[in-house]
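Asker: For the record, the sequence lines run as chains U and C.
Numbering follows this note's numbering, in which position 231 of the first sequence is assigned residue number 231; successive positions increment by one, without gaps.
Numbering follows this note's numbering, in which position 184 of the second sequence is assigned residue number 524; successive positions increment by one, without gaps.
Just so you know, these hints were derived from the structure itself, not from any lab.
Be aware that a few hints might be false.
[Said to hold, decoys possible] Capping the alpha-carbon separation at 27 Å, the derived lysine-lysine pairs in DSS-like fashion look like this:
| id | chain 1 | residue 1 | chain 2 | residue 2 |
| --- | --- | --- | --- | --- |
| 1 | C | LYS518 | C | LYS464 |
| 2 | C | LYS399 | U | LYS255 |
| 3 | U | LYS255 | C | LYS518 |
In this text, all values refer to a predicted model and were calculated from it rather than measured experimentally.
Listed below are the residues making up each chain.
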Amino acid sequence: MKTALLASAAAVALVAGSTAAFAQTRDTIQIAGSSTVLPFASIVAEEFGAVFPEFNTPVVGSGGTGGGLSQFCAGVGDNTIDIANASRQIRDGEREACASNGVTDIREIQFGYDGIVFASAASGPDFALTPVQVYKAVAAKVPVDGELVDNPYTSWSEIDPSLPDQPIMLAIPGSNHGTREVFQERVVDAGCEEAGLPEGLSEEEAEAACTTYRQDVVTEISGDYTETLARLNSDPNTVGVFGLSFYEQNTDTLKVATVDGVTPTKATVAAGEYPVSRPLFFYVKGQHIGVIPGLEDYVAFFLSEAISGEGGTLEAAGLIPQPAEKTEEVLAAFEAGPTQ
Amino acid sequence: MATDHITAAREISQERTRLVRSGLRRRHRNEAIFRGLGIAAIALALGFVALLFVDMTRKGIPAFVQSNLHLEVFFDPAIIDVGPAPVASEFASPAQYQAADLRWRRELALLNWNRILEASLMAKVPAGTEISSRELLSIPETNARHQLREMFVANPDLLGRTVPVDILASANADNWVKGNINRSLGDAQQQLSPAARTVIDAFEADGTITNGFAWALFTNTDSRAAPASAGLLGAFVGSLYMMLIVIVLAVPIGVAAAIYLEEFAPKSRLTDFIEVNINNLAAVPSIVFGLLGAAVFINYMHLPISAPLVGGLVLTLMTLPTIIIATRGALLGVSPALRQAALGMGASKTQMVFHHVLPVTLPSILTATILGVAHALGETAPLLLIGMKAFVAQVPATPLDQATALPVQIYLWQGNENRNFFEPRTAAAIMVLLGVMIVLNGTAIYLRSRLEKRV
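In isolation and in its complexed conformation, chain U is listed as follows (with noise of 0.2 Å):
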C-alpha cells in the first residue's frame, strides 16, 4: 500500500510537472475541418507519411467547416491545429475572430472542386429537380398567387407534374457544414429568385422567405453523410443531400437526380455544366510556418499533379481537380505570404 501511495504521489507530481514539460514544439501537423474534405486530407496526410520518412503523418480531424474554422482562429501555439480544411471560403467574421485571437497570416489554398448532389433511394423513381422546384419543397413560405401562404405542397408531384407522385422528404446538411451555404446559395436562393416573391416585401421579409425552411419535412444533419444515407435507408422516400464524392462510393443504394437537366459527374463540374458545384479550400495558419516540421511540404505535396492533378491519387477518391494553372497561382500567393 505504502508504494502505492507514493507512486500516486509521483503520479500526481508528474502531471502537475508535465505542464510545464509540454512547451516543447509538437512535431505533427495538425488538421481538423470540413467532414467533405476530410476524407481527401486524410488520404494525403497518409501519402505525405509514405513518402516523407522525417517527418510524422499529420493527424486529420473533422468538426465541420465551422468547428474548423473556428478551433483555427482559437489562438498561436502548439495547443492550436495549423490548417482548417473548409469546403467554403472563410468568412469576414471568421477573420476577424482570427485576428483578435492572434491569427493574422491565414494563407488560403483552394485545391479542386465538389459537386452536390440530391440523391435518392436506387429502388425509388427517378428526379429531375430544378432550383424552384426545390426551394418550393422546402421554403416554410412560398409564393402562391402573388401572395406568401404556408407551404401547401406535400408531395413532389403537386410542385410539379413532370415529379413522381412521393411525399417531400428531405435530409439537408446542418449549418456546421459548409455543404449548407452552398445548397442555400446556389439551390434555395436561386430558387426563390425564380419562384418570384410578392411585390412589397422589405429586404428582411424576403430573406427570411428564402431562408426560412419548413420544420415537418426537412430534416437538418449535423453529423456525416452516413447518417443522412441512414436516414434515406429508414425512410425510403427522402431525397438526401450528400457531395459527390460520397454518392459515387455508393452507387449500389442511391440514385442521382439531375439538377437544370444536367447529371452530376466530374465531367460535367469540372466543365461548369453541373449548377451546384464548390470549390474546396484549407486555410494554413502562417505563423507555425517553419515552426512545426513539414507544413510547407505537406502544402507542395497536397498540390503536386500526382495528388490533386489530373489522374492524381485525389481524383480516385473522388475529387474534381481543379485546372494546372490555377493550382500554379494558388501554390505562388501560399509561397509570397500573406494573403490579407
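We have chain U; now place chain C onto it with these hints.
Answerer: For chain C alone, coordinates are given in the frame of chain U:
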C-alpha cells in the same frame, strides 16, 4: 351450553379457514403473476442482449476474413533506376549518412511503383482479356506500392529478382468477392468496371485471390487511402495508454480519498458536503467531463490535443467518484469487531486500516476498479471533445502523441463513405471492443473469487 360454545368456536374456525382458503387462490395467483413477470423481464433482457450479439457477430464475422492477392513481383531495374543504397561506412559522419539515406529513400518514394505492380498483375491476367491499366490497378489495394517500396528499402538486393508477394485486394474487390455489393446490379451501379470484375472472378478461380484471416485488422492503424488495410492497432494502443493512466491515477487517489473520508475524517458538515458532492459527481454525464477536459487540460494547461494523456486524465476524473464510492462502501461493510480487535491489541489507527481493514476490502476495491476502468474504456463522448476523433495513421509511441481510442474508431468507421466495406468492419471492431470488455470483467470476477477465498 358447552356444546354451543364448541359449535360457535368451530364455526369461527371454519369461517376463518374458508376466508383463508378463498384468499389463498388469489395469493397464489398473484405470486404466479409476479414470477411470470420476472421471468418475462429476464427473457426480454436476455433477448435484447442475444439480439445485439447475434446481429454484431453475423455482420462482423465476414470482416475477419479478407481477400489477398498472391503475386510474383519482379523488381525491374528499368523502373527502379536509382543508385545503390548509401552505406554508413562510406560517410564521414552519421549526419551525412542520414542525409544521403533520406535522399535515397525520397528518390524511391517518387518512383512509380504501380508500374511494377501492374506488370505482376498483368502476368496473371488470363490471355485475351482486355483491361486498362486503371481498371487493373483497382484490384489491389492502393498501399501495395508502398508495401513494395518498403520491401525494397529493407532489402535493396531484391533489384532484378522475382519474389512471391502477398498483397491485400482493394476494398471494392473484397466487396465483390464477398458479395457485400449486390452482384446482380447493373454496370452503372457497380464500383468496379466489368473488365475488373471479370479479372477478379478469374483470379478467384485460379487461386490468385484467396481469402485469408484479416491480420490487417490487428496489425495496422486506420487508413483512408487504403481502406482494406485499415486496422485497430493505433486505437488499441491509444486505449491502452488511457487505461494505464486511469489505473495509475484514479486507483491510488480514489482509494486514498475513500480511506481518509471513511476512517479518519471527522464527521462534520464539511465532510457531509463532500460526500454529497462525490455522489453527485458520479452522476455527471461524461460529456461534461469532456468539456472540462478541453477547457482545463488543453486550453489552460496547454497539453497536446488528441493525446491519450488528456483522454486518460478526463477518464480519471470520470472514474474517480465510482472508485471512491465503491471503496467507501467496502470499508463500511467491514465488521467493527475487526477494527476494535486491532485497536485493542494496541495497533495505531493507520496500522488498523492498512493491516486489517484494507486487506479484507481488497476484492471489492479491485472489482470496482476493473469495472470502472472497463466503463472508461467504452467511453466515447468526452474523447470527441478533446480532439480524439481525428484521423490518425500512426501508432502513438507515447501517451503524448496523437491517437484515437477503440470506441472512437468505431464511431469513425461508422462514418466512412465506403459503406459496403466499413459496415462489416465496424461490426468487427465492436466485437473486438466487446471482447476486451469481457476479458476485463472476467478478470474482475476471477480475482474477486480467488481473493475472497484467501481472506
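Asker: Against the structure shown, which of the earlier numbered hints fail to hold, in ascending order?
Answerer: Every hint satisfied by this model.
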